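Asks: With the hints as extra help, turn the sequences into a complete structure.
Spelled out, the chains give:
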Amino acid sequence: MRRRILGLVIAVVTVAGVAGCGSSSAGSDGSSSSEASGGSGTSQVKVGIIPIVDVAPLYLGQKKGFFSSRGIELKMESAQGGAAIIPGVVSGQFQFGFSNTTSLMLAQTQGVPIKSVVNGVASTGDTSADVSGVGVKKDSPIKSVKDLAGKTVAVNTLKNIGETTVRESVRQDGGDPSKVKFVELAFDQMPAALDAGQVDAAWMGEPALTIAKSQGARIVASPFAETDPSLTLATYFTTTKLAQDDPDLVKRFTEAMTESLEYASAHPEEARQTLTSYTKIDGDVLKDLTLPKWPTQVDMPSLEKLASLGEQDGIFGDRKPDLDALFS
Amino acid sequence: MTPPAPASVKTRPAGTGTGPGGALARLGPGGGAALRGLAGLAALVAVLEVLPHTGLVSADYLPPASETGRTLWHLLAEGAFWTALGDTLTGWGLGLAIAVVGGVVAGVAIGSVPVLRAATASTIEFLRPIPSVALIPVAVLLYGTDLRSVLLLVVYASFWQVLVQVLAGIHDVDPVAEDTARSYLLGGWGRMRYVMWPTALPYVMTGVRLASTVALVLAITAELVIGAPGLGREIAVAQTSGAVPRVYALVLVTGLLGVAVNLLARAVERRALHWHPSARREG
Numbered sequence: 001m002r003r004r005i006l007g008l009v010i011a012v013v014t015v016a017g018v019a020g021c022g023s024s025s026a027g028s029d030g031s032s033s034s035e036a037s038g039g040s041g042t043s044q045v046k047v048g049i050i051p052i053v054d055v056a057p058l059y060l061g062q063k064k065g066f067f068s069s070r071g072i073e074l075k076m077e078s079a080q081g082g083a084a085i086i087p088g089v090v091s092g093q094f095q096f097g098f099s100n101t102t103s104l105m106l107a108q109t110q111g112v113p114i115k116s117v118v119n120g121v122a123s124t125g126d127t128s129a130d131v132s133g134v135g136v137k138k139d140s141p142i143k144s145v146k147d148l149a150g151k152t153v154a155v156n157t158l159k160n161i162g163e164t165t166v167r168e169s170v171r172q173d174g175g176d177p178s179k180v181k182f183v184e185l186a187f188d189q190m191p192a193a194l195d196a197g198q199v200d201a202a203w204m205g206e207p208a209l210t211i212a213k214s215q216g217a218r219i220v221a222s223p224f225a226e227t228d229p230s231l232t233l234a235t236y237f238t239t240t241k242l243a244q245d246d247p248d249l250v251k252r253f254t255e256a257m258t259e260s261l262e263y264a265s266a267h268p269e270e271a272r273q274t275l276t277s278y279t280k281i282d283g284d285v286l287k288d289l290t291l292p293k294w295p296t297q298v299d300m301p302s303l304e305k306l307a308s309l310g311e312q313d314g315i316f317g318d319r320k321p322d323l324d325a326l327f328s
Numbered sequence: 001m002t003p004p005a006p007a008s009v010k011t012r013p014a015g016t017g018t019g020p021g022g023a024l025a026r027l028g029p030g031g032g033a034a035l036r037g038l039a040g041l042a043a044l045v046a047v048l049e050v051l052p053h054t055g056l057v058s059a060d061y062l063p064p065a066s067e068t069g070r071t072l073w074h075l076l077a078e079g080a081f082w083t084a085l086g087d088t089l090t091g092w093g094l095g096l097a098i099a100v101v102g103g104v105v106a107g108v109a110i111g112s113v114p115v116l117r118a119a120t121a122s123t124i125e126f127l128r129p130i131p132s133v134a135l136i137p138v139a140v141l142l143y144g145t146d147l148r149s150v151l152l153l154v155v156y157a158s159f160w161q162v163l164v165q166v167l168a169g170i171h172d173v174d175p176v177a178e179d180t181a182r183s184y185l186l187g188g189w190g191r192m193r194y195v196m197w198p199t200a201l202p203y204v205m206t207g208v209r210l211a212s213t214v215a216l217v218l219a220i221t222a223e224l225v226i227g228a229p230g231l232g233r234e235i236a237v238a239q240t241s242g243a244v245p246r247v248y249a250l251v252l253v254t255g256l257l258g259v260a261v262n263l264l265a266r267a268v269e270r271r272a273l274h275w276h277p278s279a280r281r282e283g
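As given, the protein sequences belong to chains A and B, one line each in that order. For the first sequence, position 241 (counting from the first letter as 1) is numbered 241 according to the numbering used here, and the numbering increases by one without interruption. For the second sequence, position 50 (counting from the first letter as 1) is numbered 50 according to the numbering used here, and the numbering increases by one without interruption.
By construction, these hints were calculated from the structure, which means they are not laboratory data. A quick note: this is a predicted structure, and the numbers were derived from the prediction, not measured. Honestly, I wouldn't trust all of these hints.
[Said to hold, decoys possible] If you anchor each label on the Cβ, the simulated ranges turn out as follows:
hint : chain 1 : residue 1 : chain 2 : residue 2 : range
1    : A       : Thr240    : B       : Val115    : 48 to 54 angstroms
2    : B       : Ala59     : A       : Asp318    : 36 to 42 angstroms
3    : A       : Glu304    : B       : His74     : 20 to 26 angstroms
4    : A       : Asp288    : B       : Ala59     : 17 to 23 angstroms
5    : B       : Leu127    : A       : Leu158    : 27 to 33 angstroms
6    : A       : Thr152    : B       : His171    : 48 to 54 angstroms
7    : A       : Ser68     : B       : Gly86     : 50 to 56 angstroms
8    : A       : Ser277    : B       : Arg271    : 43 to 49 angstroms
9    : B       : Leu56     : A       : Leu158    : 30 to 36 angstroms
10   : A       : Asp288    : B       : Gly102    : 47 to 53 angstroms
11   : A       : Ser277    : B       : Ile130    : 34 to 40 angstroms
12   : A       : Ser68     : B       : Leu76     : 32 to 38 angstroms
[Stated by the list, open to error] Okay, the calculated bits of chain B under chain A, using three or more residues with CB under 8 angstroms as the criterion:
hint : region
13   : 57-63
14   : 73-84
15   : 132-145
16   : 237-251
Where is the CB? At the ideal position from N, CA and C, for every residue including glycine.
Replies: Here is the structure:
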């Protein structure tokens, strides 16, 4: 369902972009409202995010005043998945958005005018403790990730970062990645689906991963870390138009976000506690879940790897993402 | 002053007594039926309490009713919960009001001009079945994740419910009554007030009642899928956090809200139609 919506979104965004219908005027709306908010030079900035572990630095940075000290009044717009974030940013409802890197590449190849402005989150690089993992039932015959060939694996979104990196893990282990069957399921439903045997394996992110582990699931692969130990998973992005029209705002946001990422990396426990302010993750899970890495820079080689996996699996159609334009 | 008897009272309009509230309505004023209804509810709660303990379903995914109840109790103490409830009710109420006013005005305008009616019939039949949810990308593109997105979906879904009923109601006006009114030299306004409106009102009320339920479903769906503030978003956040009892507690709240909305709509309907034979029979 979510993917179908994303497809529609991309279609609508593309049409809107091509026709230039009103979205550009809405885009400048954001900056004009900042002028209206007072002569103090404070800009109200809306950031479209998903309320998950990955965006903890943003909330932490807001609390620490890294944004307000730069004249940015931050407002988080928590959306459900990229389906709402990308069109929200393109139409100027949000000035910035948070999205995984494969989705950004996908949007770019479809002609959506966006540009990444600062790093978001990266893999821990630790294959025994990463932010995503492929879990199987305790007594599953799947012993190694290559055994996934011919099996059903749940991912949260088809034809996206989960699918390409799980395939890569299977490939590296000597299995046949084309034989893996993927089905779409929301992360939060995966532990139950795994338990009930509806799927043979599930690729889960946090906190579903920790919940499944606590219920006895066995982790057979850590696709992100196995694809590239410093894989850049998601970044904050804006429209190419805002980047051009208001470079000062983008610069201030990037600086504030960079400081937030540094602070979160240096104070992981504070970042963990921040989760209680915008999620409902409870005690034990909160204590056990794996935090990602929050480097300040994107890792270009890892993104090239990710892009080539996407091309290999044909998720960009016959187009190639322009990584330099998107990420630098 | 009592309104004149409706020109045509042959049947109750289509859709009356159906819909999610049908079962509740059948409870009627009889205390015995209400008791049986409560007993059914108690049995459901008992099953939900026992089921997780039997191991048929894991308590991790379906917490016992007692735990859901406890979570609900804690929820009631949270300011954020009441804010979310307020947001949902705002989206529902505003959306419903816009849809009802728009539906009645458009319905009367289209219904009383035969040419307009013929010209719009196929367009209405084309637009009506489009699921509101399919408009989510458009809503987000236009309005982001705020209230206006919710309103777009709610109004779109509930507007047709009202419009179609209004059109049916106007179509049902007895031509003899209409001619009689003309013979008594009633003007356009008078015929609308004393002939058309009493005939159409039961239909309008049915439309309003159906729309009120649809509006609630769409308000919560919009919050759930788009992430607009409200109970739906609270459910989504609880889901992504793996807070299962909280999800069930919130779902329970939306269910109770649905019952309340239906009771309210029925009360309004009874009040507005107290003179109508169908209401008199019920009462």
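Asks: So, for every hint listed, does it hold in this structure?
Replies: Structure-based check of all given hints:
1. Between Thr240(A) and Val115(B) the Cβ separation comes to about 50 angstroms, which falls inside the hinted range of 48 to 54 angstroms.
2. Restraint check, Ala59(B) to Asp318(A): a C-beta distance of roughly 50 angstroms breaks the suggested window 36 to 42 angstroms.
3. Checked against the hint of 20 to 26 angstroms, the pair Glu304(A) and His74(B) fails, with Cβ atoms roughly 49 angstroms apart.
4. Distance hint check: the CB atoms of Asp288(A) and Ala59(B) are about 19 angstroms apart, consistent with the given range 17 to 23 angstroms.
5. One distance hint, 27 to 33 angstroms for the beta-carbon pair Leu127(B) and Leu158(A), holds here, with the actual separation near 31 angstroms.
6. At roughly 53 angstroms, the beta carbons of Thr152(A) and His171(B) sit within the given window of 48 to 54 angstroms.
7. A hinted range of 50 to 56 angstroms for the beta carbons of Ser68(A) and Gly86(B) is inconsistent with their spacing of about 28 angstroms.
8. As the Cβ distance of Ser277(A) to Arg271(B) is approximately 45 angstroms, the hint placing it in 43 to 49 angstroms holds.
9. Restraint check, Leu56(B) to Leu158(A): a C-beta distance of roughly 31 angstroms satisfies the suggested window 30 to 36 angstroms.
10. Hint check: Asp288(A) to Gly102(B), Cβ distance near 52 angstroms, so the stated range 47 to 53 angstroms holds.
11. Separated by about 39 angstroms at the C-beta atoms, Ser277(A) and Ile130(B) satisfy the suggested range of 34 to 40 angstroms.
12. Checking the proposed 32 to 38 angstroms range against Ser68(A) and Leu76(B) shows it holds: the Cβ atoms sit about 34 angstroms from each other.
13. Using a Cβ-Cβ cut-off of 8 angstroms, 3 residues of the region 57-63 of chain B lie near chain A, which meets the minimum of three, so the contact claim holds.
14. Counting residues of the region 73-84 of chain B whose beta carbon lies closer than 8 angstroms to any beta carbon of chain A gives 0, which falls short of the minimum of three for the stated coverage.
15. Counting residues of the region 132-145 of chain B whose beta carbon lies closer than 8 angstroms to any beta carbon of chain A gives 10, which meets the minimum of three for the stated coverage.
16. Only residues whose C-beta sits within less than 8 angstroms of a C-beta in chain A count toward coverage, and the region 237-251 of chain B has 8 of them, enough to reach three; the restraint holds.
Of the hints listed earlier, those the structure fails to meet are numbers 2, 3, 7 and 14, in rising order.
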